Structure formats: C-alpha cells, structure tokens
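Visitor: Using the hints, position chain Z against chain R.
Quick mapping for you: the protein sequence lines, in order, are chains R and Z.
Each residue of the first sequence is one higher than the last, beginning at 1 in the working numbering.
Each residue of the second sequence is one higher than the last, beginning at 1001 in the working numbering.
Hints may be right or wrong, so weigh each one.
Pair ranges (Cβ atoms, derived) [what the hints assert, rightly or not]: (1) Gln308(R) with Arg1161(Z): 43 to 49 Å; (2) Glu146(R) with Pro1089(Z): 33 to 39 Å; (3) Gly1002(Z) with Glu299(R): 32 to 38 Å; (4) Ser237(R) with Pro1089(Z): 29 to 35 Å; (5) Tyr1217(Z) with Arg129(R): 35 to 41 Å; (6) Asp1023(Z) with Gly252(R): 18 to 24 Å; (7) Ile155(R) with Asp1120(Z): 54 to 60 Å.
Selected chain Z positions facing chain R (in silico; Cβ < 10 Å) [claimed, not checked]: (8) Val1052; (9) Leu1058; (10) Pro1205; (11) Arg1209.
It is worth saying that the hints were derived from the structure and are not from the lab.
It should be emphasised that the depicted structure is a prediction, and the values quoted were computed from it without experimental measurement.
Quick reminder that beta carbons are idealized off the backbone N, C-alpha and C, glycines included.
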Amino acid sequence: MERSVEAFEVLEPGILTTVQDLGRFGFSQVGVPPSGALDAFSLRVCNLLVGNEEGEAGLETAIMGLKLKALRETVISMTGGDLLPTVNGEYLRMWRSHLLIEGDILALKGVRQGCRAYVCLRGGVAVPRVMGSKSTFLSGKFGGLEGRPLKKGDILYTAELPGPWERIGASFPSDWIPVFGREMTVRVVPGPQDYHFTVPGLQTFESSSYQVTAKSDRMGIRLEGSKIERRSDAEESIISESLIPGSIQVPGDGKPMIILNELVTGGYTKIATVISTDLTKVAQLKPGDRIRFEPVSLEAAHRLLREQEERIRRFRDSLRD
Amino acid sequence: MGLYPKMHFLNMGDRGLLLEFGDEIAEEINEKVRRMALAIRSEAVPGIAEIVPTYRSLLVLYDPMNLSVIDLKKKLESIEGGLQQSPFPEPRLTRIPVVYGGKHGPDLDSVAEYHRSMPDEIVRLHCSRTYLIYLIGFMPGFPYMGELPEELVTPRLKTPRLSVPAGSVAIAQKQTGIYPMDSPGGWQIIGRTPVKMFDPAKDPPACLRMGDRVQFYPINEKEFEEWRDL
Chain R
1 MERSVEAFEV LEPGILTTVQ DLGRFGFSQV GVPPSGALDA FSLRVCNLLV
51 GNEEGEAGLE TAIMGLKLKA LRETVISMTG GDLLPTVNGE YLRMWRSHLL
101 IEGDILALKG VRQGCRAYVC LRGGVAVPRV MGSKSTFLSG KFGGLEGRPL
151 KKGDILYTAE LPGPWERIGA SFPSDWIPVF GREMTVRVVP GPQDYHFTVP
201 GLQTFESSSY QVTAKSDRMG IRLEGSKIER RSDAEESIIS ESLIPGSIQV
251 PGDGKPMIIL NELVTGGYTK IATVISTDLT KVAQLKPGDR IRFEPVSLEA
301 AHRLLREQEE RIRRFRDSLR D
Chain Z
1001 MGLYPKMHFL NMGDRGLLLE FGDEIAEEIN EKVRRMALAI RSEAVPGIAE
1051 IVPTYRSLLV LYDPMNLSVI DLKKKLESIE GGLQQSPFPE PRLTRIPVVY
1101 GGKHGPDLDS VAEYHRSMPD EIVRLHCSRT YLIYLIGFMP GFPYMGELPE
1151 ELVTPRLKTP RLSVPAGSVA IAQKQTGIYP MDSPGGWQII GRTPVKMFDP
1201 AKDPPACLRM GDRVQFYPIN EKEFEEWRDL
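Only chain R is shown next, with the shape it has when bound in the complex (with noise of 0.2 Å):
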C-alpha cells in the first residue's frame, strides 16, 4: 500500500460531506446496502479528470458550507452539482482539474444548479476499505471516515504518488456535461409491480409533476403530488423483496418515493425503476425541485447506458494520448 500523507484539513463540513466510492457489492444478502456516490456518473468523471482510476473515493457534498484548506500541494476536481466552489475566493471552473497549493482555500458558495456535488484528489481519499470499499454508510455506521460525515477539524489522507499529473488543466467536454434544472424529467422502466395499480393510477405516473419535499437523504427521496391509484385488488405491501437504487415505491398513500443507495430491502410495491444513465439526475434533486417521470423500453435504456460508456470511454482515452 502506498504511504498516506496529508491533503486537507477540513474547515467546515457544510450540510452533508462523506467519502464515497461506487459502491459496496456482494453484501446485499446480509442487509447492507450499496452506499456510494448517489452521482456515480459524476464521480468516475471527477476521477478521470484528476487521473486516478473511476472507482476511487471522494469526497460527496450536499447543498453548502464546504471548506477545506490545502496542507500541500494537490491536483483536485469538482463535477456534479454546481454549489459554486470557489478557491482563495476566485470562482472555480468544475468539470476540470486544478492544482492547488499549501494553504489555499476550496469553499462553496450556494447552490447554481443540483444538489450534490463531488471534489477528487488525485491519489483518491485514503480510508480504509470496509468490506471491500471506501463508501460510508451512514446508518451502518461504517466505511468512509470513521462511519460519519466529515466535521471540522478532520484531516483527509490521500496516498503519495510518484510522479506528477501531466493533465492539469484538462476538462470534460462541455456538452457532455449534465445539465440539472429545478424541473427534470427521468426516464423509467415499468415494473416489477407496475400491474398492482390501474391505468387511470399509471397515467397519474406518468403525466404528472412530483415535488421533492425535505424528508429526503441518502435512503431515498420522498415526493407530494397526486396520488396513484391502486388497483382495488391489489395489497400496498408485499412480502419484502430487494431494492436497489432508482426503485420506485409506492407506498400507501400513493405518493412515490424514489430509493436510493442506502436501503436494501422494501415492502412497498414497486411502480418502476429509473434508469441507470438518469440517476445522475435524480441525486441532484433537492427539496423544492420538480420531477416527472416518462417510461422507455428496456431497449432504450440499454442503448442509452451503451452511449453513455462509450462517452466515458472516449473521454478516459482522449486523457491517455
């Protein structure tokens, strides 16, 4: 293992920091959940800007208060959300990598548009692995820094790397960059309980505009708009089964309710399942923020992820030549 050395110091935790990789698999069947970034598109981009391989961990932040102090000299990136990070005070340009030296200062500002953003060192974050990943889980009280999100005082480690980043400066192509509004549309795949509710019920789905309202975390955001209709037939639990990021409960009172990265196993049924290329939206929504939802074929969604990789492929190999 390479020698951890001192990167930042953490000035003010803002709202929500953790240490997130993509994700911890294998462990579902022994009820812990994935965890990870809930971008994870941004994520394997911000890596990629700052060399590091995609899967390394960063740091995810939500909404403000972010401040970290440089305690030497290091190449990181911003992607994700726009939270208006700045450093000494300059507006910091995201979906690029930047060299920062000792003492300077990475703060955001505010929220310009989404709700989480991610900060990448190159040389990755350097926390143990708990079975098998870096990614903190919040009510498992494990993985990341100490199983909790950053506070002031913290000290983030990263490995020393021999040889400095010849991409400094390097960015993502900027039409390639998501594009998060107070209104989103996602796409979805019906099922697996679609046939629980009615077509009246699934035309509510599908026509209307939900609003994330503030019981929302990393376990799932929780949306308030018309209410689906089930069918009288049909029971509102179901015996548990599994969930995984992007399940679509509907819970009795016919609210949806997206999941996200930090449950495992549900009773509520299950109208759809976003995609996996729209799942970068959906963990930039924030309370207030509006959402729709339009059904595609599996089909599509495949073609969508495929054109997606082929992006990311393009953009690591573009950084090689």
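Guide: Positioned in the frame of chain R, the structure of chain Z alone reads:
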C-alpha cells in the same frame, strides 16, 4: 397459489431481473430461492454481477453491456430446469443464548398477557423449535426467522420504539428476529442475546446465514453479563 410451477421474470430497471418463485412466505418457496441462488453462483455466468435472494424472489443484477437480457433469461431457464439435480447443503444449526424478560425483554409480560399465558410459557414456546432464516435484510445482519408456534403469533407494537438496543430478540406476526445494532423498531422485544450479530471487520460479517436454522435457549442475567465481557 404457493410455489409457481415456473419462475416469473420481472424487470427491475435496466440492470436488474427479478425472479419470483411464489406468492407467500413458505419454507418450500424460500428453499427454491436458495437452490436457485446456489446454482447460479456455481455456474459463474459472465455478465451476472450480483444475486440477492429474499423470501420468495431472487434479484439478478447483470451488466447489460456484456449480457443481453434474452440470453440471461435463457440461461436462467436452463438452470431452473436442472435444479433437481444440483447439490444442496444441509442447513447449519446455530444455538443463540437469550436472557428473557426484565429490562432485556420489556414486552415479555404484555405478550404473555395478550396470549392469556405466563412469561415462562412464552419463553418455553420460543425455545421449542428451530427456525428457518428466510432472509437477512432491513439492516446489516437482521435475520427474519419463522415460523413461530401458533400460540406466539403477536401483532407488532402500535407505536414503534425510537431505539431498540443491539441484540434484542423480538417477535412480530409469525416471525422472530434479532436487532443487530441499536435502531428504531416496532417488534415486540422479549429478550436479548449477548452474541454479536454483525461485525463489518469480520469475514463473513454476519454471524448467521440465510437458509440456516436457529434455536434459542434461555440464559440468566449473570451468564449474559459474563458473555458480554468476553
């Protein structure tokens, strides 16, 4: 309807295929879930990323970049067809010590009252048989086990507790479970075990496995404290 003659396929997004084997909580259905999980693992199908067995269904997470859903379904149907021949291990029996009642089992007396019985009789019944672990879920290491004797079937608490201590042994409807860590909970707490159910630093992290069987036995307060000192 019980166990389906053939599994049903349901889409769970663009990376998940849910295999459903029946429509109730029953040992026969749960055993088919576990047989299928074991058979899929032993085939090591390229493109299958993870499989997650639950009460009556099995989620297959796949990589659509490397495995088409058509090929995946064909493969799974062929595995299901050969299931009778595939080997299946005997369940392991784990005995779990429990201190019943008092401060460790605050609902034992009211459960006894509900059944017009005595606390000692509730303890005897709870220890009277082995339980199948249908599923480990809800939180890390929480085993859902059943079925309870008819005389122990008890509804959940009307108002869930905000905090249940780790190790609490509880019952709800036809099932019994153990809270592996401090958490909110709505099950009736009848006792507490000193055994650590989940430790992320261990391999495997959970002390129990889905498909294994559990039998509880009573211990006293002193034995409980001594165990915890270990």
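Visitor: If a hint holds in the structure, say so; if it does not, say that too.
Guide: Now for the hints, and whether the structure bears them out:
Checked against the hint of 43 to 49 Å, the C-beta distance between Gln308(R) and Arg1161(Z) comes to roughly 44 Å, which is consistent with it. Glu146(R) and Pro1089(Z) have their C-beta atoms about 37 Å apart, which keeps the hinted 33 to 39 Å range intact. Between Gly1002(Z) and Glu299(R), the C-beta spacing of about 34 Å keeps the proposed range 32 to 38 Å intact. At roughly 32 Å, the beta-carbon separation of Ser237(R) and Pro1089(Z) lies within the given 29 to 35 Å, and the hint holds.
At roughly 37 Å, the beta-carbon separation of Tyr1217(Z) and Arg129(R) lies within the given 35 to 41 Å, and the hint holds. Our hint of 18 to 24 Å for Asp1023(Z) and Gly252(R) holds, since their Cβ atoms are close to 20 Å apart. The given range of 54 to 60 Å is respected by Ile155(R) and Asp1120(Z), whose C-beta atoms sit roughly 56 Å from each other. Using the Cβ-Cβ criterion of 10 Å, the hint placing Val1052(Z) at the interface with chain R is satisfied: the shortest such distance is roughly 4 Å.
Taken as an interface hint, Leu1058(Z) checks out: its beta carbon lies about 8 Å from the nearest beta carbon of chain R, inside 10 Å. A hinted interface residue such as Pro1205(Z) counts as satisfied when its beta carbon comes closer than 10 Å to some beta carbon of chain R; here the least separation is about 6 Å, so the hint holds. The interface hint given for Arg1209(Z) holds, since its Cβ lies 8 Å from the closest Cβ of chain R, which is under the 10 Å cut-off.
Against the hints set out earlier in the document, no violation occurs for any number.
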